[in-house]
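Q: Here are the chains, one letter per residue:
Protein chains: 2
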Amino acid sequence: MAAPANSTTFSGDVWAELRLADARDVPHIHRLIHQMAEFELLTDLFAATEELLTSTLFPSPAPPPFTSFTALILDLSPSPLVPDSASTIASRCLDLSASPLVDPEAAAFASPRGGGRITAGFVICFPNYSTFLAKPGLYAEDIFVRAPWRRRGLGRMMLSAVAGRAAELGMGRVEWCVLDWNKNAINFYEGMGADVLPQWRICRLTGAALDKYKGNQEEAADRKAAE
Amino acid sequence: MAAPANSTTFSGDVWAELRLADARDVPHIHRLIHQMAEFELLTDLFAATEELLTSTLFPSPAPPPFTSFTALILDLSPSPLVPDSASTIASRCLDLSASPLVDPEAAAFASPRGGGRITAGFVICFPNYSTFLAKPGLYAEDIFVRAPWRRRGLGRMMLSAVAGRAAELGMGRVEWCVLDWNKNAINFYEGMGADVLPQWRICRLTGAALDKYKGNQEEAADRKAAE
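Note that the protein sequences, when read in sequence, are chains A and B. Sequential numbering from 84 applies to the first sequence in the working numbering. Sequential numbering from 84 applies to the second sequence in the working numbering.
Keep in mind the hints are simulated off the structure, nothing from the lab. Among the hints, a few may not be true.
When chains are identical, the list treats them as one kind, so a pair holds in a single copy or across two.
[Claimed, not checked] Here are the simulated EDC-like cross-link-like pairs (lysine to aspartate or glutamate), alpha carbons at most 20 Å apart as the crow flies:
| id | residue 1 | residue 2 |
| --- | --- | --- |
| 1 | 297 | 178 |
| 2 | 297 | 121 |
| 3 | 295 | 167 |
| 4 | 295 | 178 |
| 5 | 218 | 133 |
| 6 | 266 | 251 |
| 7 | 266 | 127 |
| 8 | 295 | 133 |
| 9 | 266 | 224 |
| 10 | 295 | 278 |
| 11 | 297 | 273 |
| 12 | 218 | 251 |
| 13 | 218 | 188 |
| 14 | 295 | 251 |
| 15 | 218 | 294 |
| 16 | 295 | 258 |
| 17 | 266 | 278 |
Could you put the whole structure together from the sequences, leaning on the hints where they help?
A: Here's what the structure looks like:
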């Protein structure tokens, strides 16, 4: 099968780096979130803009990583990478000599870090809290790898790195969510040692249903009704 | 029915206040978390200590409320309360004249704020993040009211107050979890405008399964296996 025009073929050794993101990564993060919404059949919920992502994910001054909303970027490089102690979270070498990889979107996802790198995925995580443990944990809101780069161990690399960081920080748990129809993902997570909790359901108050509570109007209405 | 010894009977007007907690509330928070674990049939997961709660929930200096882990306390007072602009989140008056309330644990839950107040519940919440909205939200880890004080509108008051604060802060969502067998809670939450999401499942990596990732040993092992 010939590669589509503008696509890039990767073969031989390719170096993967999971690194802290910064505001220069926002355009790619925005498009990756949209791809994730498409994969999850949830584009009707997609309302992110580059401006909102910049202001909410990259405030100034930046809090230390993993103490607030933390964005990580997965970059792939055709040449060896020198880890940067300030931003590299994990790195590894992929051997693609047995099965070269065609990335039709490589040019569109050129990494802002340059050097022929491309961006292939991202993680958004932030601290959560377990009262039963009386300890913080990390919640991974998203772990996403673009389609051509899947099934190469990169999702495992990303989740392992987040789990490793949580364990090193003395946190009690790493949690994330999965759609119950995504059996591949469930098998993968269980293989990494995670429990998929059968009984808990997420409750969500959003949009107009949330705005109703502004100024505690609902509470006032409730009080009135109870009189 | 005679009230048990040491119990306190509340009747007529009682004033409820939801307020920011401080380190003086830790002993009550610790016992309330244990009561919640009993209610959820999850005492095997209970590992909280007062020392851990103090260090993780009340660091010094304290970050602004709702920007990090935030503990709220529900106090009930036999006399009218003057709201404190620095700590009061919501307040209301309960009319118990039609059905007086016996609290067998009132003495044990005397509020550290004094004035004959007792502590009847708590909330732990913290910011989460929606990539689809590109906005922070609030996640309520726990919303708990001690048994004798239930079905008096206090859970609604607490959740309304959290939702109100989130809406006023421009947040996009309030989320929390419920056990799928807790039909009373599900009906109550839906009545407040929440969606209970049927498809999402929580994945959790904890204990020994999490410690495995310390120092990225798992990642190294995986790399080895793939060679």
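Q: Please work out whether the CA atoms of residue 297 and residue 121 approach to 20 Å or closer within one copy, between two copies, in both situations, or in neither?
A: Neither: 32 Å inside a copy, 33 Å across copies.
Q: How would you classify residue 218 and residue 294 at a CA-CA limit of 20 Å: within, between, both, or neither?
A: Intra 31 Å, inter 15 Å, cutoff 20 Å: inter-copy only.
Q: Please sort residue 295 with residue 258 into within, between, both or neither, judging by C-alpha distance up to 20 Å.
A: Answer is between; shortest inter-copy Cα gap is 15 Å, intra-copy 30 Å.
Q: What label fits residue 297 with residue 273 when the C-alpha limit is 20 Å: within, between, both, or neither?
A: between (41 Å within a copy, 18 Å between copies)
Q: Can you tell me if residue 266 and residue 224 fall within 20 Å by alpha carbon in one copy, between copies, both or neither?
A: For residue 266 and residue 224, the Cα distance is within 20 Å only inside one copy (19 Å; across copies 27 Å).
Q: Checking residue 218 and residue 133: alpha-carbon separation at most 20 Å within a copy, between copies, both or neither?
A: between (33 Å within a copy, 11 Å between copies)
Q: At 20 Å max between alpha carbons, let me know whether residue 297 reaches residue 178 within a copy, between copies, both or neither.
A: neither (54 Å within a copy, 25 Å between copies)
Q: When no copy is specified for residue 295 and residue 167, does a C-alpha distance of 20 Å or less occur within a copy, between copies, both, or neither?
A: For residue 295 and residue 167, the Cα distance exceeds 20 Å both inside one copy (47 Å) and across copies (24 Å).
Q: Using 20 Å as the alpha-carbon threshold, which applies to residue 266 and residue 127: within, between, both, or neither?
A: Neither way: residue 266 and residue 127 sit 23 Å apart in one copy and 29 Å across, limit 20 Å.
Q: Up to 20 Å between alpha-carbons, please classify residue 266 paired with residue 251: within, between, both or neither.
A: neither (30 Å within a copy, 39 Å between copies)
Q: Please sort residue 218 with residue 188 into within, between, both or neither, judging by C-alpha distance up to 20 Å.
A: Classified as neither: same-chain Cα gap 41 Å, cross-chain 27 Å, threshold 20 Å.
Q: How do residue 266 and residue 278 come out at 20 Å by Cα distance, when the copy is not named: within, between, both, or neither?
A: This pair counts as within: shortest intra-copy Cα distance 14 Å, inter-copy 24 Å.
When held up to the earlier numbered hints, the structure conflicts with 1, 2, 3, 4, 6, 7, 8, 13 and fits the remainder.
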